[in-house]
Structures are given as structure tokens and as C-alpha cells.
Amino acid sequence: MSGQSGTNADLALGVRARSAVETAMRIVFLIAACVCVLCVGLICAFLLANGLPAIAEIGPLKFLLGLSWKPGRNLYGTAPMIVGSLFVTAGAVVVGVPIGVLTAAYMARFCGKRLYRLVSPVISLMAGIPSVVYGFFGMVAIVPAARAWFGAGKSVLTASILLGIMILPTVIRVSEAAIRAVPDSYYEGAVALGASHERGVFFCALPAAKSGVMAAIVLGIGRAIGETMAVIMVAGNQAVVPSGILSGVRTLTANIVLEMGYAADLHREALIGCAVVLFVFILLINLLLSAVKGKGART
Amino acid sequence: MRRGRIDPVSLALRAVTYLAAAAAMAAGLGMVGFILFKGIPRITPSLFAWRYTSENVSMTPAMVNTVMMTAMALLIAVPLGALAAVYLAEYARRGSRVVRIIRMASETLAGIPSIVYGLFGFLFFVVALKWGLSMLAGAFTLSIMILPLIMRTAEEALLAVPDMYREGSFALGAGRVRTVFRVALPAAAPGILAGVILAIGRVVGESAALILTAGTAARATGSLMKSGRTMAVHMYNLSSEGMHIDQTYATAVVLIALVAAINALSSWAARKAERAMTGGGGG
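So the protein lines, in turn, are chains A and B. According to my numbering, the first sequence is numbered sequentially starting from 1. According to my numbering, the second sequence is numbered sequentially starting from 1.
This is chain A alone, in the form it adopts within the complex (with noise of 0.2 Å):
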């Protein structure tokens, strides 16, 4: 501090401009981080100003329940591609969710370090692979293979199933980590007590587990939901309530895709209408994600 006044000066200015670099370098990284809060709002904004019009020149009742989609005589019911979704993600959850926690499971607690060494890529795989290729296999082998054993084709029933194949690595991962976060002491626990290391797993750890396991249960019906070409491929995409699960089935996603190339007016509307009606599945299963999320926190 006792130098002369030159570098006094000197050191002055430049912490001066040094905080002036940290000062504005600091807004170019919370303008930054500030792009997803304005993605998000955009993409609200967009959505909700495109879609919502249409909702309220059809009738908001008339869209949501209406049981007929015929664009070319101006009915937008978008109640069987409503019913659609939630059918082929219900049936998704069948599938997909029991096979996913037992692989959890075994893949937390079961299997030896060598066999997780070949497990674990698989299920790398499985998640990476793209859903064009999982809608691919299923028109070429689950498809014939449902017509054959069952008598119907492309159905809600091919479409829970290969949807169920896709959330399995999200499941799996989701599961997997919360089984491993469960402390050794409460298994160690159970299996002090007397029973069997299947009990420890399935008594003891498992339900410590619970709201980890819920969060991948969730996770994967978003992604169920929300999947689009690979349903595409094996839905059969009739605009109608399906009657059962071997009836074909459309969902708000695949009416999106197959129709908007095509769509103008009120009908490009009203696929923007089914989006808003997605949009807020999707926000529904994201709160109920960070419920489950910070029950399990607070536990």
C-alpha cells in the first residue's frame, strides 16, 4: 500500500477495470443461464397463443370430449387421441414398469461384477438407440408376430409393448441408482434378523427405495407419453376410441405429426390445441415428479 502514487494510480485503475470485466462477465452468465427460463416461456407463449383460439372458436368441451375427428367436416374431438395416449401409456406402465424395478433389482443387488459389466451396455444401448429404430422393429417383428398369435395387428397392445421396451432403460437407470443409494445397514439389517438375502432386498431395501422408484416410474410414463414416430409406426393410428386392446389406436402425438404437413387454418390450429392438451400432461407428470421427489427428500 506504501508504494508511490504512480502505481498506486496504476493498481487502482486496474482493479477498476478488472471489476469492470467481472461485473459484465457476471451478466453475460445469468443472461445465459436466463435462455432456458426464456425457451420455456416462448415455447408457453407459442402454444398457448396458437392453440388456444382454435380451443375456444370449437368449444373447449367439443375439443376435449368430442368423439370424432373429421377435419374435412370441421369436427375437432380430440377425445379418442385422449383416451388413445393415456391407453398405450397405462399399457406402457404394464409392461414396462415390473420388468424395469426387478432389473433394477437384480442389477443393484444381484448380479456379480462381471455379469454387470455386460448388463449395464446393454441397457446403455437400449437407451441411446433412436425411437425410429425401436418403431422399425416393431413393424417388422412385434407387429407380425401380434397378427399371428392374436389376430390383429398394429393395436394398442403392440404399441404398449414396444413402448414398454423403450422406458425400460429409463426405468432401470432411475430404479438402479435409488436401490444403491438405500444404506448397506438397513439390508445388513434384515438379513441379521434372519431373512433371506431375497427378503433383505425386496422387505427392507426396496421400500427404502420407494420414492426414488416412484421418480423412474414417473419418468418413464413422461417419456411414454410423449413418444411419437416409433408409436407411429405400430398404433395403427385410427382417429377412434379404441374398443379394446387389440383395436388400433391414435394417439395426441402421432395426430400431430401425420396431419400437420397438410394441415392449414382452424385444423393446424387444432393440432396446436392437441400439443397445449400434451403440454399439460406433461407439466402434470413434472409436478408430480417433484413431488414424489421432495417426499423422498424429506424423508
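Hints listed in this document are in silico derivations from the structure and should not be mistaken for laboratory results. There may be inaccurate statements among the hints.
[What the hints assert, rightly or not] Stretch by stretch, here's where chain A covers chain B in the computed footprint (C-beta under 8 Å, at least three residues):
#	segment
1	30-37
2	129-139
[Said to hold, decoys possible] Where chain A lies over chain B, by a calculated footprint (3+ residues, C-beta under 8 Å):
#	segment
3	94-106
4	112-126
5	206-214
6	256-264
Yeah, the Cβ is synthetic: ideal placement off N, Cα and C, and Gly gets one too.
Using the hints, position chain B against chain A.
Same frame as chain A, now just chain B:
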């Protein structure tokens, strides 16, 4: 415990667990095996011809487009995501309101399905900004899609950098910005790279969002403002036209090989990141 008699409940639980794991493996390996088995014999040189015609349905233009699309999306999303992560990891106070909002936004983005991104990209980039169906619109749409992934992995990588690195830098008289760019970011680079590779995987596999924003033109594009299809979109078009099932199998094989390569690269990067952290922190 295994020495005594095995009770039926345990036995059943074990059987069910093993069966489920076998089913999951069978689904994954069965699908990959089926496509490789059917597809590899169907790979022909004409599929890699430089020019696309409706006879050879060459995938080379789609490959070039995929590389371009990936590069553009990364060029936009990686700097943005890394800078955002710097703010979250190095500047923001934990739990402040700004951070909560940013985190909520990025979690929301991560949960949005690709078809909604596609529709947004169509409404915003294609229609409102009048870019038309173009590679650029597709790249911007995908960059928003991968932004939360890059932000999260970069933030985790930055948080894993030991504080003593920063303290050392401050002690040597470096300011905050210099510490970020010369110390924290380089140390976090392997972790950020692992996130980038994951993002590449998502871009390569994406189709729904691209059909609505980049379109499905089959020829190689000379311009960013023209429509072009990536590998995944190319494969969807082939399979939905239904005229070229053999070529679709072959294209699927190439896509799976690509994904396997990306996965191998990603686990290599993750290992490297882990080693960098434990090696550096532990001394």
C-alpha cells in the same frame, strides 16, 4: 442364510427377478440382434453413393446432414449451456429465487417431448421468423432440446472441481473470471465432454422434432436455409414409404452402429472425467 431350507417366498422372488432381468436383456439384445442379422447382409455399396436417387436411396446425404445438424446444434447449445452452468455453479447463491426459477425452467425443458419442440420450432423458427423448413430451424430447435442436458452435466462437472483449485487461483491473485476460464472450466472439461457426447446421441436419434422443422428433403443441402433430412428422419421416411424395406434394415444397422460408437465414447469420457477428479483431488 442360503445353507438352510429356502422358503418359497424367497425362491419366487428370486425367480421373478431373474426372469425380469432375462426379459429386459432379451428385449434389448433381441432387437439389436434381429436388426443386425437382417440388416448386415443387406448393406450394399450403392447405399453409400454420393448422390441420392429414388433408386439407390443412398444415406450419404443424410449422413452429411446429420453431421452438419449435430455440429450446428452443439455450436449453439454448448457455449450457452456451459456459461449458464458457470452462473449456477460459480456465481449464484444456493437456493436464491433466480436459481430456483432457472432450475425449474431447465427441468421443464428436459421433460418436454420432442414433438412439442418440433411444433414450437415450426411455429417460431419456420413460420414466425420465416426461415422455412431448413437445417438452421432444425438446429436451433434441437439446441433448445439439448440445452438442459448440457447445463446439468456441465454444472455437475463444475461442482465436482475441488474448491482448492479456485482457492489456489485466488491466492495467486487471479480474479473470478480468470479463475472460471483458466481453472474451473478446464478442470471440468472431461465432465462437460461427457454431457456433450450424450447430447450428440440425442441429436443423432431425433426425428419427430426435425420432421416439422428441417423437413425431409432427401438430397444433400448446400445451404443452411434449405430443408435436409438427418439419418433418423431418412430412416423413418424409408420405412413409412414401405418401398425399400431392405435398405431400411441396412440404414438401421448404420444407426445402431453410430449409437454404439457414441455410447462407447461417452463411457470413455465419463471414466476420464472421474479419473481427472479423483486423481486431482486426492493428490
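Going through the hints against the structure:
1. Here's how the segment 30-37 of chain B fares: 4 of its residues keep a CB closer than 8 Å to some CB of chain A, so the rule of at least three is met and the hint holds.
2. Check result for the segment 129-139 of chain B against chain A: violated, 0 residues qualifying (beta carbon to beta carbon below 8 Å, three or more required).
3. As drawn, the segment 94-106 of chain B meets chain A at 5 residues by the rule of a beta-carbon pair under 8 Å; at three or more, the given contact holds.
4. Judged by the Cβ-Cβ criterion of 8 Å, the segment 112-126 of chain B is covered by chain A as claimed, because 12 of its residues qualify and three suffice.
5. Evaluation of the coverage hint for the segment 206-214 of chain B: fulfilled, as 5 residues show C-beta separations to chain A shorter than 8 Å, against a requirement of three.
6. Coverage of a stretch by a chain is defined here by at least three residues with a beta carbon nearer than 8 Å to that chain's beta carbons; for the segment 256-264 of chain B and chain A the count is 5, and the condition holds.
Checked against the numbered hints above, the structure violates only hint 2.
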